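*Asks:* My request is simple: use the sequences and hints to build the entire structure.
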Amino acid sequence: MGFSLFTPVSWSDTGFILEGILNTIYISVVAIVVGSILGLIVGFFRAESGKIGNMIMGSFLDVLRSVPLIIQLILFTTFMGVMGSPLNPFVAGSIVLSLYTMAFMAEVFRGGFESVHKSMRTAARSLGMTYWQTVFYIRTPIGLRAVLPSWIGVALSVIKDSALVSVIGYMELLRTSEQLISRSQQPLEILIGVGIFYFIISYPLSLYGKRLERKMVL
Amino acid sequence: MIQIKGVHKSFGDLEVLKGIDLDVKKGEAVSIIGGSGSGKSTLLYCINAIENIQKGKILVDDIDVHAKKTNKDKLRQKLGMVFQQWNSFPHLTVLENAALAPQVVLKQSKEEAMEIAKKELIHVGLGDKFDMYPTRMSGGQQQRLAIARALAMKPEYMLFDEVTSALDPELVGEVLDTLRLLRDDGMTMITVTHEIAFAREVSDKVAFFHKGIIEEMGTPDEVIGNPKKERTQQFLSKVLH
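Just so you know, the sequences run in chain order A and B. First residue of the first sequence? That's 0 in numbering that gives the first Met the number 0, and the numbers climb one at a time after it. First residue of the second sequence? That's 0 in numbering that gives the first Met the number 0, and the numbers climb one at a time after it.
One or more hints might be untrue.
Taking lysine to any residue and the SDA-like style, the derived pairs with C-alpha atoms no more than 25 Å apart in a straight line are [stated by the list, open to error]:
#1 B/77 to A/134
#2 B/109 to A/44
#3 B/106 to B/94
#4 B/77 to B/105
#5 B/71 to A/129
#6 A/117 to A/94
#7 B/228 to B/195
#8 B/77 to A/129
#9 B/67 to A/120
#10 A/117 to B/122
#11 B/71 to A/44
#12 B/71 to A/133
#13 B/56 to B/77
#14 B/67 to B/21
#15 B/77 to A/130
#16 B/77 to A/120
#17 B/153 to A/131
Computed footprint of chain A on chain B; a stretch qualifies when at least three of its residues, placed anywhere within it, have a C-beta under 8 Å from a C-beta of chain A [unchecked claim]:
#18 74–80
#19 86–94
#20 145–151
A short list of chain B residues far from chain A (calculated; beta carbon distances all over 12 Å) [stated by the list, open to error]:
#21 48
#22 126
#23 136
#24 195
#25 212
#26 216
Everything labelled a hint here was simulated from the structure, so no lab data went into it. Owing to the predicted nature of the structure, the values given are computational and were not obtained by experimental measurement. Positions of the beta carbon are idealized from the N, C-alpha and C atoms, including for glycine.
*Replies:* Spelled out as structure tokens, the structure:
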């Protein structure tokens, strides 16, 4: 019987892999939900603000969008550590990924709010609706429908970007598989499996997005 | 009663209304005709407090429309308005379109609002379209929906701003028929229109606007049938060919 340092991947690893999958889904959902809610609010104020307000919000969002996510993750975690209040990887990852998502969602929703023509608002106001009633009952539902395909696009990229949270030690799918690789030395099989998983989650969503887009153009 | 007293309105340096005086009594139908840029649509926007004014006063049932303390949302409940563009709410069905404002603004129950909305929709001839989405309907049908939507708020006055101008010619008739219907119901209406024959037929009073003033005003037979002012004659000869 030969002796090996490495143990190949087996069924007994299922629980470990599943945990990685769940953690990926978990942090993605948190980032998409929080990022969408914040993005909706910021997007609304961007659509409503004048030049100066938009310049301030815009430059903050530009920074979030332009600095690579991996750098933001490392910087934020390091910063919190240096400040003497280190965060666990899930919390730190959720905060950074949510803000990153917000930066993109804000632009999506801003476009949605701006797509509702002023005459539509005037028509609603002429029925006696207040400014906020018009926002809730007319502008938000119409605007959201218009940007649903773009929203799906951003959500998809967030699921994929969540793999980067592995660099600060969060045990999501990629980090789980990295550990399996170093134990089993079977990088090809494992990474193909992980790739397939991301594809299975993403592809139906992107198909759905494309279908919606076609439906709206028609 | 709507009283318009010496109203001046400017957009920046451009003075669009240069002292308009006009009274509209309860039950009266007033039509405003005139070339584009004469300020006729702007006047409707001012009556509905969508636009502010620089000078003068507009009173709706003795409420000063542009006074600071006036609740403009409340005021607009009295004034139904239909625009050149029908602006159907695309995310709601025809019935929901008409029932939304009564629920949200008047706080009616859903059943109550639906009941009133159905009645108004049947009235304008959309009784078979309740569950349809408005984007699937013709412009004429959507414009009738916009009228029913305004009527569901039980307004005391209706303002019509060139409601047939954006329609294909073959759809104009059905919308004008709906306006005739309202006229027969005794609705008080101010109608800005290019449909001169229609204005002559349904109005108690016609006002011809030219460059921000009322050039000539009187009964339809006076203003359209036998205009005294040269500008009125010129305008009518152009539009009536």
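*Asks:* I'd like to know which numbered hints this structure contradicts. Please list them from smallest to largest.
*Replies:* Of the numbered hints, 2, 6, 10 and 21 do not hold.
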